[in-house]
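Peer 1: Spelled out from the first residue to the last, the chains are:
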Amino acid sequence: MRKLMGGISIVLALVIGILPAFTDCQSQGRSLELANGKTVPMKCHWTGIASIGVAVPLGLVGLSEILSKRKETFNILSMFGVVLGALAILFPTVLIGVCANPDMVCNMIMKPALILSGTLAVGASMIFFVSTRKTMEPAA
Amino acid sequence: MNLLQLALKNISGNSFRSGVVSLCAFLVAAFALTTTLLMRGAETSLRLALDRLGADIVVVPAGSEAKIESALLMGVPVKFWMPEDNVHKIAAIPGIEAVSPQLYLATLTGASCCSVSDMFMIAYDPLTDFTIQPWLEQNFGDDLRLGEVVGGSYISATEGDQNIKIYGYLVTLKANLEPTGTGLDQSMFFTFNTAYDIASKSATQADEQLVIPPDSISAVLIKAAPGSDLYALSAHIMREVSDVTPILSSNMFQSYRQQMTGLLKTILVIMAITWGLSIVLIGLIFSMAANERRKELGVIRAIGATRRFVFQSLLMEASLLAFAGGATGIALSVLSVTIFRNLLISSLGFPFLLPSPAVLFLQIGIGLVLALFSVNLAALFPAIKISRQDPAIAMRE
Amino acid sequence: MIKLDDIIKDYSLGKGSSVSAVRGVSLQINPGEFVIIVGRSGSGKTTLLNLTAGLTRPTSGTVLLDGINLWSLSDKQQSHLRSQKIGFVFQFPSLLPTLTVYENVVLPTVFSTKLNPAQISERAKLLINQVGLGEKLVAFPRQLSAGQQQRVVIARALMNQPEVLLADEPTSNLDERTELEIMDLFRDLHLSLGITIVMVTHTRQLVSYGTRAIEMAEGRIVNGNHRE
Numbered sequence: 001m002r003k004l005m006g007g008i009s010i011v012l013a014l015v016i017g018i019l020p021a022f023t024d025c026q027s028q029g030r031s032l033e034l035a036n037g038k039t040v041p042m043k044c045h046w047t048g049i050a051s052i053g054v055a056v057p058l059g060l061v062g063l064s065e066i067l068s069k070r071k072e073t074f075n076i077l078s079m080f081g082v083v084l085g086a087l088a089i090l091f092p093t094v095l096i097g098v099c100a101n102p103d104m105v106c107n108m109i110m111k112p113a114l115i116l117s118g119t120l121a122v123g124a125s126m127i128f129f130v131s132t133r134k135t136m137e138p139a140a
Numbered sequence: 001m002n003l004l005q006l007a008l009k010n011i012s013g014n015s016f017r018s019g020v021v022s023l024c025a026f027l028v029a030a031f032a033l034t035t036t037l038l039m040r041g042a043e044t045s046l047r048l049a050l051d052r053l054g055a056d057i058v059v060v061p062a063g064s065e066a067k068i069e070s071a072l073l074m075g076v077p078v079k080f081w082m083p084e085d086n087v088h089k090i091a092a093i094p095g096i097e098a099v100s101p102q103l104y105l106a107t108l109t110g111a112s113c114c115s116v117s118d119m120f121m122i123a124y125d126p127l128t129d130f131t132i133q134p135w136l137e138q139n140f141g142d143d144l145r146l147g148e149v150v151g152g153s154y155i156s157a158t159e160g161d162q163n164i165k166i167y168g169y170l171v172t173l174k175a176n177l178e179p180t181g182t183g184l185d186q187s188m189f190f191t192f193n194t195a196y197d198i199a200s201k202s203a204t205q206a207d208e209q210l211v212i213p214p215d216s217i218s219a220v221l222i223k224a225a226p227g228s229d230l231y232a233l234s235a236h237i238m239r240e241v242s243d244v245t246p247i248l249s250s251n252m253f254q255s256y257r258q259q260m261t262g263l264l265k266t267i268l269v270i271m272a273i274t275w276g277l278s279i280v281l282i283g284l285i286f287s288m289a290a291n292e293r294r295k296e297l298g299v300i301r302a303i304g305a306t307r308r309f310v311f312q313s314l315l316m317e318a319s320l321l322a323f324a325g326g327a328t329g330i331a332l333s334v335l336s337v338t339i340f341r342n343l344l345i346s347s348l349g350f351p352f353l354l355p356s357p358a359v360l361f362l363q364i365g366i367g368l369v370l371a372l373f374s375v376n377l378a379a380l381f382p383a384i385k386i387s388r389q390d391p392a393i394a395m396r397e
Numbered sequence: 001m002i003k004l005d006d007i008i009k010d011y012s013l014g015k016g017s018s019v020s021a022v023r024g025v026s027l028q029i030n031p032g033e034f035v036i037i038v039g040r041s042g043s044g045k046t047t048l049l050n051l052t053a054g055l056t057r058p059t060s061g062t063v064l065l066d067g068i069n070l071w072s073l074s075d076k077q078q079s080h081l082r083s084q085k086i087g088f089v090f091q092f093p094s095l096l097p098t099l100t101v102y103e104n105v106v107l108p109t110v111f112s113t114k115l116n117p118a119q120i121s122e123r124a125k126l127l128i129n130q131v132g133l134g135e136k137l138v139a140f141p142r143q144l145s146a147g148q149q150q151r152v153v154i155a156r157a158l159m160n161q162p163e164v165l166l167a168d169e170p171t172s173n174l175d176e177r178t179e180l181e182i183m184d185l186f187r188d189l190h191l192s193l194g195i196t197i198v199m200v201t202h203t204r205q206l207v208s209y210g211t212r213a214i215e216m217a218e219g220r221i222v223n224g225n226h227r228e
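Chains as they are written, first to last, in the numbering used here: chain A, 1 to 140; chain B, 1 to 397; chain C, 1 to 228.
No lab work stands behind these hints, which were simulated from the structure alone. Don't take each hint at face value.
Calculated cross-link-like contacts (lysine to aspartate or glutamate; reagent style EDC-like; alpha-carbon spacing at most 20 Å) [to be verified]:
id : chain 1 : residue 1 : chain 2 : residue 2
1  : A       : Lys38     : B       : Asp207
2  : B       : Lys295    : C       : Asp75
3  : B       : Lys67     : A       : Asp103
4  : B       : Lys165    : B       : Asp197
5  : B       : Lys201    : B       : Glu178
6  : B       : Lys174    : B       : Glu148
7  : C       : Lys85     : C       : Glu33
8  : C       : Lys114    : C       : Glu163
9  : C       : Lys76     : B       : Asp390
10 : B       : Lys385    : C       : Glu169
11 : B       : Lys295    : C       : Glu169
If we take Cβ atoms under 7 Å as the criterion, some of the chain B residues that face chain C in the derived model are [as the list claims (entries may be wrong)]:
id : residue
12 : Arg239
13 : Ala302
14 : Ala305
15 : Asp390
Here are the computed distance ranges between Cβ atoms for each label pair [claimed, not checked]:
id : chain 1 : residue 1 : chain 2 : residue 2 : range
16 : A       : Lys71     : B       : Gln259    : 52 to 60 Å
17 : A       : Leu95     : C       : Leu126    : 54 to 62 Å
18 : A       : Lys71     : B       : Val359    : 41 to 49 Å
19 : B       : Ile384    : C       : Ser60     : 24 to 32 Å
20 : A       : Glu72     : C       : Ser145    : 30 to 38 Å
21 : A       : Lys71     : B       : Gly365    : 32 to 40 Å
22 : B       : Leu127    : A       : Lys38     : 29 to 37 Å
23 : A       : Pro57     : B       : Ile384    : 50 to 58 Å
Using N, Cα and C, we set each Cβ at its ideal position, and we do this for glycine too.
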């Protein structure tokens, strides 16, 4: 069970960390031109950077879940998984965001993929947290 | 302890088998709901687009039928022209209640980067219009003034709170229309006067001039008199006006409908195969499970369970697995279709709108019922067989 | 009281042939007796026990439990009667593997009971303690020895306070020492509860535990007091 959850966390971490690099507007050659002629990356690029900040700890959480021997440790790691998954959802939606144009690749692929990965991380962590707690409690 | 608790214990006793049954239910429910969301959503989009159009017949230059469909459905900007005089010729035809010309324009590609690019702009004649005007009167009580625009649901202000710059001209976004799920959500509506004003000032203000050929329009929208034969009207229009194609709104988007129908047929075939294989697989698994637990079920018969209890116990397990798998499949389906909507529209080539919460709830319910029905159907025969077995024979080696 | 009247049980082998497991057995067992039925493998003793419990339908003859013909009842009535009046101890490991010791013992109350939940819990714990497994309440069957599992089965069989305990070779899978422990338990239960016990076994040495012994061979009673 722990190995399965750890594996899931690592896979999701890879998606959250790597996918934005290929699906933000910067990777498609699009940037924002300011009035002074300078080119800067757009919000989606910063969301991608922030996602790396979620992916790395999530990957470590996954590794720790595989190696954890104690159920209490696993429960704490699951809670971390919930928080990191929530951040993966919040970065592209509320905290930073992506471009408004629905046709942009960040809107079509990056944002939904981050939301989906984050949701799966939250959902799986919660399920494993609850089921681990149940096996910890004594039966009738 | 009760039937439910016993069923849960049995399910957890063999996670692999339970996982496979749940997975089958997952696939059936997810597939069914995704297909329903896409197909019904596409139908709804088409219907809303036609409602938004408001016309019984749209007359466009000959050869532009595909272009106008792309523009309305997918928001692909188009430019085509025909003589303005066509409006008068068409208005004179008996059986026509109202006619109104429109101009179709496009923004510069990437002009206002990251808000909406490649906007499809529709200019209408406020004196004759019967599509946008009623909506404006209902919501604002007056018409659009010079420089004011109404946008589809995706249009947002990029210059300050309310303004958008197109062709170097600052327009004021007065309101947004309800979403249709189509390209009309990326469209902007304004009056002919605003269009001509933008065109004239773009010569000095814009990177590229907006050119509207003189005495030209893009399309004529027609409202037929009640009881008119639309086909006869179309034929009459083609006789009176040269180089035009009248498109009946009921025939609008035919190519998209055909595309959808083709896709639907393919999906239904795949779904039927998936469903059939799932039933067979689940049936096999339950048969194996019933056989493996033959002695155990014989024991519970011996200690007082009725045949009905054994039967209900197996179907309860089936239902729980179906519910778990089906609910997960449905949740993932709704989530994926919602968040990947733009990608799906781009990949499939036709738009779709997500249903209202009430309709979605109903579709989810149907998906769950389908999953429950499928798994219980598959488990039915093994459950009947094992529950009817003589307990003494069941417990024999 | 249990009464079997001229019971015949044939099993079909297909293609028109059959084998007779029980051939015209008549037997009466009175309340409070501890009857041990011995016989070699294939003598029909297990089939006789199954017929007594209503677990298999006789080809002909009647099975009466306290004057009620078992096969005149519906499946629901028969199951209810079995749940209330008969406890069964099987030859093979018969605990449900996904349930704990406690859950296995209370299982008969799922089908019928006269007790409320608090009484069920109290009785289950009492029985589990009586069979010497008080500290194994939350253990699963795979965590118990064969002898311990059989004790749990006995506790389960007594959960609904049955009038009759039917035991089908309950010690055949046990080593000699554990076998004697289980037999001692049966005797203690018989003496303390006054419960009627019908046990089948192929081990003649166990006959001394009972109040009456019956021998079966080739589907018939060949020895013993089989009719009052």
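Peer 1: Within 20 Å, alpha carbon to alpha carbon, are A/Lys38 and B/Asp207?
Peer 2: Distance ~19 Å between A/Lys38 and B/Asp207 Cα, so the pair holds.
Peer 1: Is the hinted pair C/Lys76 and B/Asp390 satisfied, with a Cα-Cα distance of at most 20 Å?
Peer 2: Holds. C/Lys76 to B/Asp390 sits at ~14 Å (cutoff 20 Å).
Peer 1: Does the CB of B/Ala305 sit less than 7 Å away from some CB of chain C?
Peer 2: holds, 5 Å
Peer 1: Take the C-beta atom of A/Lys71 and the C-beta atom of B/Gln259, compute their distance, and say whether it sits inside 52 to 60 Å.
Peer 2: Holds, since A/Lys71 and B/Gln259 (Cβ atoms, about 53 Å apart) stay within the stated range.
Peer 1: Is B/Lys295 within 20 Å of C/Asp75, Cα to Cα?
Peer 2: The hint holds at about 19 Å.
Peer 1: Does the alpha-carbon distance linking C/Lys114 and C/Glu163 stay inside the 20 Å limit?
Peer 2: holds, 14 Å
Peer 1: Would you settle whether the hint for B/Arg239 is holds or violated, based on the nearest Cβ-Cβ distance to chain C being less than 7 Å?
Peer 2: Violated, because the Cβ-Cβ distance from B/Arg239 to chain C comes to roughly 81 Å (cut-off 7 Å).
Peer 1: Has the given pair, B/Lys201 with B/Glu178, been kept, meaning a C-alpha gap of at most 20 Å?
Peer 2: violated, 31 Å
Peer 1: Next pair to validate is B/Lys67 with A/Asp103; report whether the Cα-Cα distance is within 20 Å.
Peer 2: Given that 20 Å is the threshold and the Cα spacing comes to 19 Å, the pair holds.
Peer 1: With a cut-off of 7 Å, does the beta carbon of B/Ala302 approach a beta carbon of chain C closely enough for the hint to hold?
Peer 2: holds, 5 Å
Peer 1: Could you tell me whether the CB distance from A/Glu72 to C/Ser145 stays inside 30 to 38 Å?
Peer 2: At 31 Å between Cβs, range holds.
Peer 1: Per the hint of 41 to 49 Å, is the separation of the Cβ atoms of A/Lys71 and B/Val359 within bounds?
Peer 2: For B/Val359 against A/Lys71, whose Cβ atoms are near 44 Å apart, the range 41 to 49 Å holds.
In summary, the structure is inconsistent with hints 5, 10, 12, 22 from the numbered list given earlier, while agreeing with the others.
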